[in-house]
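> As they're listed, the protein sequences go chains E and D. Its first residue numbered 219, the first sequence is counted upward by one per residue in the working numbering. Its first residue numbered 699, the second sequence is counted upward by one per residue in the working numbering.
FYI, nobody ran anything at the bench for these hints, they're computed from the structure. The structure displayed is predicted, hence computed values, not measured ones. Even glycine gets a Cβ: it sits at the ideal position worked out from N, Cα and C. Check the hints yourself; a few may be wrong.
Stated by the list, open to error - Quick list of in silico lysine-lysine cross-link-like pairs, PhoX-like style, CA-CA up to 20 Å:
#1 E:K237 with E:K249
#2 E:K590 with E:K608
#3 E:K233 with E:K608
#4 D:K958 with D:K853
#5 E:K245 with E:K257
#6 D:K853 with E:K531
#7 E:K615 with E:K223
#8 E:K453 with D:K853
#9 D:K899 with E:K615
Unchecked claim - Only part of the chain E face toward chain D is listed, based on derived beta-carbon distances under 8 Å:
#10 G418
#11 L419
#12 F535
#13 N537
#14 E600
#15 S602
#16 T606
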Amino acid sequence: MILLKNGLVYLSSKKKIEKLDILIDGKIIKKIASNISNKSAKIYDCKGKHIFPGFVDLHCHLRDPGYTYKEDIVSGAESAAKGGFTSICCMPNTNPTIDNISTLNYVIRKARDVGKTKIFVIGAMSKGREGKEIADIGSMVNGGIVGISDDGNCIQNAKLMLNVMRYSSNYEIPIISHSEDYSLSKGGQVNYGYMSTKLGLPGIPTLAEEIMVSRDIMLAALTGTHIHIAHASTKRTVELIRQAKKDKINVTAEATPHHLILTEMACENFDTNTKMNPPLRADADRQALFQGLLDDTIDIIATDHAPHSDYEKELEFMNSPFGVIGFESAFPALYTNFIRTKKMGLEKLIEKMTSQPAEIIDKDIGKISEGKSADLTIVDLEKSYIFTEKEILSRAKNSPFLGKKFWARIEMTICDGKFTWKA
Amino acid sequence: MNNNLQFSGRNLYDLDTYSVEEINTIFETAKIMKEINKRDYKKIPTLRGKTIATLFFEESTRTRISFELAAKRLSADVVSFSAIGSSVKKGEGLQDTVYTLNAMGIDLYVVRHSCPGAPQLVHKYSQKPVLNAGDGRHAHPTQALLDMFSIWEKKGTLKGLKVTIVGDILHSRVLRSNLTGMRKMGAKATVCGPRTLMPPKIEEVYGAKSEYDLYNAVKGADVIMALRMQLERQEEGLFPGLGEYSRKYGLSKEVLKYAKEDVLIMHPGPMNRGVEILPEVADSPHSIIIEQVTNGVAIRMALLFLILGGRTN
């Protein structure tokens, strides 16, 4: 048994932080109360530290199977644990693609063996993520997927997308849409605007995202299927989602820490760690995204953790792959930029990193309550440090936040009653 | 010539990191180099013992010859690396090439590459000064310097001059470096081309005016520069064809009437005669297109001289 004493505990039921003790028995939270005493429990003094539900990430890439030189389920789970995550959902853009039951089983079994983090799997919408034929969605739902997506790719054919949505409306899983019209984004490297002009790099217009977000919202209105917009990045996308929610269309959306914090200006020195898709946008987009987060148009934070090896990110900007890692910087970066500066309440951020993503995938996680699994993140909000390559546990180091000063150190992570990270 | 020191070992990625005074020093130095190029014996010993590598990951005969001549006239040794059609594959080319050459004792690199930012990478891997000879659509600073030097020679200054640049604004690195340099030197730039070939936020980025009508664009111009129009753009659906382009944006005698009487006509070459510029203009007394080529060697000599810390005596 583990007894966490005097922590500042976030209670999802009350949306409040209270000074409490937590007693963990096996995998389960046995008791939450003030002044618990238990002689057989190992005691951890959490005075002055916050205890949050373990973070939940709906969007990450573990690169396993197929690209394990970038990351694998082991290193990904360790990185997630260090970032305070206890549940993560991995995308199917592996090799082979997770579009069938046997690849799915490989991931699920390996994840279970590693055990550091609860790993949920997103299955592909189309076979090979090629946007041509519907993947084995029904079998994969039986096998345990929590959503479907061709993430990284976007089904261009509206009829196929409609069929995917109709077909999967049988199952209670969200469709996670990477919204991008290729005819508009083709060849693009950075945001179409100030930076594409200044750097002479082909641009990706905001329109490439917005046209597909509109299409997917319309298809969701028709089919009633739950559509979840991945990594929203533009002002108009936020407006489209806001209106769709007013119209009672079944849509949810996520934003990444990097799109909420950084703008295209970060690309100025051809730093390939600022290259991702969708690209970092103009400040007006970033502000609109943050407003969307505040008014709940944007439901959740997702990392889009996308590891790439050093030698891939050391290439010319145009030849370097899209994507940045995110587990270990997500909470500290958001806390430092928005909570510490009082632009947003801590409770709201926690909701968007715990109970709300849990709700989208319909899982009984992301809350601290008696009888539920002991998934906890213990954070010292008063500790500051410089985020450097050295301490990153992910196999990849491609973070746009390297060298930045962060507040809030993740001191300990507990998943299913076991310590998965200790600072 | 007493401020050689501030140039020594510098990179030239683009003109944004060079001051007005420094650009003027480059011009003054180029003037001397131009004199040397007119001599019977066109060689000075200042860079004897230095080795310069030209790394061309994208073909360009003219720029390469210009750089090589510049280096040779300063008595430097030159080695040329051309990656086109060679074993260089996407992904492994640049880093290993630079490590290999560096191991043989290169003092300065001249880099042409289709990827913006590649010269910065060459410096990162070599820790030697790098001259950007064109990186994708991003920058071509030696071309901009020779363009500005050509204007400076004729007009005495760039300050207050109206310079109109016409053509494929979106894809041109020559344009981008010229706009950066001209803004710095006090010229007022106007860019003109079809809307589909104009990048966004050009005024915000470069302080340049945009015009879509050629006659408006050249009104009162001191200098008109035509950019090369490439046929691929037609296939990309950006404009209907060379015929219509020439009628709307080609420099003709008629167009010149709207500019100042002593307007200078420029082109970075190679020209598509009859497309962006008609022969009647290219070969007119207004044209300094051939002199731009001459000045190219002088400017590149000046840069190599200043950056490699040569001495005059």
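> Would you list, in rising numerical order, the hints stated earlier that this structure does not obey?
2, 3, 6, 7, 8, 9, 14, 15 and 16
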